[in-house]
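Q: Given next are the chains, with one letter for each unit.
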Amino acid sequence: NAGVTQTPKFQVLKTGQSMTLQCAQDMNHEYMSWYRQDPGMGLRLIHYSVGAGITDQGEVPNGYNVSRSTTEDFPLRLLSAAPSQTSVYFCASRNRAGLGEQYFGPGTRLTVT
Amino acid sequence: SQQGEEDPQALSIQEGENATMNCSYKTSINNLQWYRQNSGRGLVHLILIRSNEREKHSGRLRVTLDTSKKSSSLLITASRAADTASYFCATDLTGGFKTIFGAGTRLFVKA
Chain D
1 NAGVTQTPKF QVLKTGQSMT LQCAQDMNHE YMSWYRQDPG MGLRLIHYSV
51 GAGITDQGEV PNGYNVSRST TEDFPLRLLS AAPSQTSVYF CASRNRAGLG
101 EQYFGPGTRL TVT
Chain W
1 SQQGEEDPQA LSIQEGENAT MNCSYKTSIN NLQWYRQNSG RGLVHLILIR
51 SNEREKHSGR LRVTLDTSKK SSSLLITASR AADTASYFCA TDLTGGFKTI
101 FGAGTRLFVK A
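Those protein sequence lines, which keep their order, are chains D and W. First residue of the first sequence: 1, per our numbering; consecutive thereafter. First residue of the second sequence: 1, per our numbering; consecutive thereafter.
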């Protein structure tokens, strides 16, 4: 199993550009989530999904969209990038919400200039 | 504001010593988890303790949970240089699907 994969690993955007961060898992997990990590802030939950077709907002959803058309994939879209979205983004999956451990991807380091 | 707050923010010890990190949270939880993150990498799950459990062990790790005080502690015994990392607590909130992380404790173990 590859576990949780994320692409790209690094990305530089200009203010106003849009892009999609990809996340995939091959463990047939129902629950997937996106976090951002800023220095000294720990991880903050952006969006999560409890299954295909079901998504909801986390702590800091503004400026981001998600969709979950399949169990495996959970892309995160930045609609109009802003410097405040410069961060490291982690995708995670879990068998079910609140059950067992979360498995994290390696992260995407995003810089918005 | 974040649900979990770790204490201390940073900890520096000698190899062989024990390291204790604390986590406090604000609202009712189903579970509490501890994760480790090596610099620039993804998080790795260490241990999960349920709200009806008070103590749990895994190898050199010991976790306690006091729901009346809304606090947890992670003890790493006989620390090694390889334990140098950031450690985060994460709480699974009751009645929902959100997991909220604290800001983390940076542990440095000197060889």
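Because the hints were derived from the structure by calculation, they are not lab data. As the structure is a prediction and not an experimental result, all values here were calculated from the model. The reader is advised that the hints may include incorrect statements.
Partial list, derived from the structure: chain W residues whose beta carbon lies under 7 Å from chain D [unchecked claim]:
| id | residue |
| --- | --- |
| 1 | D66 |
| 2 | K98 |
| 3 | A103 |
One side only, chain D facing chain W, incomplete, derived with CB under 7 Å [to be verified]:
| id | residue |
| --- | --- |
| 4 | L45 |
| 5 | V50 |
| 6 | I54 |
| 7 | A97 |
| 8 | G98 |
| 9 | E101 |
| 10 | F104 |
| 11 | G105 |
| 12 | P106 |
| 13 | G107 |
Note that the Cβ used here is the ideal one computed from N, Cα and C, for glycine as well.
Q: For every hint, state whether the structure bears it out.
A: Consistency of the hints with the structure:
| no. | hint | result |
| --- | --- | --- |
| 1 | D66 | violated (20 Å) |
| 2 | K98 | holds (6 Å) |
| 3 | A103 | holds (4 Å) |
| 4 | L45 | holds (6 Å) |
| 5 | V50 | holds (6 Å) |
| 6 | I54 | violated (10 Å) |
| 7 | A97 | holds (4 Å) |
| 8 | G98 | holds (4 Å) |
| 9 | E101 | holds (4 Å) |
| 10 | F104 | holds (4 Å) |
| 11 | G105 | holds (6 Å) |
| 12 | P106 | holds (5 Å) |
| 13 | G107 | holds (6 Å) |
Of the numbered hints stated above, those contradicted by the structure are hints 1 and 6, listed in ascending order.
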